[in-house]
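Asks: Here are the chains, one letter per residue:
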Amino acid sequence: MTLAATQGAPQGAAGGGTAPAVSLRGVVRRMGRDTVLRGVDVDVAPGRLVVLRGSNGSGKTTLLRLLATRLRPHAGEGRVFGLDLVRQAEAVRARVGLLSSAGGSYPVLTARENLRLALALAGRRRDEGELAETLERVGLAGAADKQVRFYSSGMKKRLGLARQLLVDADLWLLDEPYAALDEEGKRLVDVCLTEARGRGRTVLLASHEQDRHDLAPDATLELVDGRVRLAAAAAAVVGP
Amino acid sequence: MSDLAAVLAIARKDLLQELRSKAATVATVFFTATTLLMMAFALGREQGVLERSAPGVLWVALVFAGVTAAAQSFQADLEDGALDQLLTYPVPRAAVYLGKMLATWAYLSVLGLLLAPIATTLYGAAVTGTAAVALLALTVVLGAFGFATIATLYAALTANLQAREALLPVLMFPVVVPIVLAAVRATESLLGGAGGPVGDWLLLLLGFDLVYFVVCASLFHFVVDE
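Respectively, the protein sequence lines represent chains A and B.
Residue 56 in the numbering used here is what sits at position 56 of the first sequence, and the numbering runs on without skipping anything.
Residue 200 in the numbering used here is what sits at position 200 of the second sequence, and the numbering runs on without skipping anything.
Bound-form chain A, shown alone:
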């Protein structure tokens, strides 16, 4: 499956060069005795917004974790912006930001402390003004200094979104970003993802949400039987 790889990146795509943002060839990954990914081939050009669909257990999370270098492929080859997922894992991590379905925040730390830690570890400059603005944007300004263990699931998801916005990696990987959010929160995710694409970021999100009106993905991929197939795409982004 080739998405936009042959057409080149859109204007302003971040960190692209000529390398695809994501390039997987025959990627196989087993989890225990189950083979979850059975030879995934996919290219995504920089600056695209791609939705990944599939039933529960189809391998969406596995694929995202593999791109975030949390899992290694058992066979095949994967590259992010031309960097090998295994041999150049640390360089890949400098280009990728993952929002996991669990949220990924430390419950005993406050939202502000979690974001400061994320910025420090991502090697980003800390700007308290920007941090406060981002918390305001995701609707957590009033709870910024509250420990995350007192947050609702939706608030945790908003905090994860704030982390994505602040780190603003070249490749955004999001696993069920709409889960636990109210409608206003879901619209906020749509707006943030669209804006990220506008800044040239590549966005790959796994979601069960159907027909998000405020989101216009460049393509929708579906994971079926451990392989990726194209479910829908804007004609301009599909390669031969």
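Derived by calculation from the structure, the hints in this document are not laboratory data.
As the structure is a prediction and not an experimental result, all values here were calculated from the model.
Fair warning: there could be bad hints in the mix.
[As the list claims (entries may be wrong)] Only some residues are given here: those of chain A computed to face chain B with a beta carbon under 10 angstroms:
| id | residue |
| --- | --- |
| 1 | L71 |
| 2 | A89 |
| 3 | A94 |
| 4 | V96 |
| 5 | G103 |
| 6 | V224 |
[Said to hold, decoys possible] Residues of chain A placed beyond 12 angstroms of chain B at every Cβ, according to the derived structure:
| id | residue |
| --- | --- |
| 7 | G26 |
| 8 | S101 |
| 9 | A122 |
| 10 | L131 |
| 11 | A132 |
| 12 | L181 |
| 13 | T194 |
| 14 | R212 |
| 15 | L230 |
All C-beta atoms in this analysis are idealised placements derived from N, C-alpha and C, irrespective of residue type, glycine included.
Add chain B to chain A, keeping to what the hints say.
Replies: This is chain B only, laid out in the frame that chain A set:
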């Protein structure tokens, strides 16, 4: 960001978590207090026996407390997928290891430095002279370092297992024996027992600390990367 800054950020985060949750503190303080008291009762009233047992009991209490502290450190990281998130940042695995190890070391050193005078007083073992007190503190700090290097690696190894509380001590105790042995002998020498020259034991302890540190830091990525 330099790797050192990442190390310090992770260590600070772990210590802040412990300061707030007190999850390990409550468990380890009660455990060590109970161990010291129960062993004192079990060993009887004979002063010589109590005095000779003080180094061993002190280090047994510290080792078990260390297991709890190290396990707790990773337990907190597992909640809400925070460890997974931590490992997606562009920070070398060795830096993640070092940050977590430093936090466990700091915690165990403080616990050991508090525990040592209580144990010596309770068991009637005297440490005479400023130099001996300083060497005892050094023994505790070096022993805690060696223990923290191993405990951090093994706690990461067992973090995702269901029976981690049972498996962690079973797996790590055989490896930690040289550290415990050297630390107990050094403490014994300082408390006036027949431990031999304290300098030799401290050098042995330092040697094991360095070897374990290098080995564990090198192996950490095999443990956390799937």
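Asks: Now tell me if each hint is right for this structure.
Replies: To see whether the hints hold, each was checked on the structure:
1. L71: holds, 5 angstroms
2. A89: holds, 8 angstroms
3. A94: The hint holds - A94 (chain A) has a Cβ within 10 angstroms of chain B, the shortest such distance being about 4 angstroms.
4. V96: holds, 7 angstroms
5. G103: Hint holds; G103 (chain A) Cβ to chain B Cβ min 5 angstroms, cut 10 angstroms.
6. V224: Given a least distance of 24 angstroms, the restraint on V224 (chain A) is violated.
7. G26: Non-interface label on G26 (chain A) holds, nearest chain B Cβ at 19 angstroms vs cutoff 12 angstroms.
8. S101: Non-interface label fails for S101 (chain A): nearest chain B Cβ at 8 angstroms, not farther than 12 angstroms.
9. A122: Non-interface label fails for A122 (chain A): nearest chain B Cβ at 5 angstroms, not farther than 12 angstroms.
10. L131: It holds; L131 (chain A) is separated from chain B by about 15 angstroms at its closest Cβ, greater than 12 angstroms.
11. A132: holds, 20 angstroms
12. L181: Given a closest Cβ separation of 16 angstroms, the condition holds.
13. T194: holds, 23 angstroms
14. R212: Correct as stated: the minimum Cβ-Cβ distance to chain B is 24 angstroms, above 12 angstroms.
15. L230: Holds: least Cβ distance 27 angstroms, greater than 12 angstroms.
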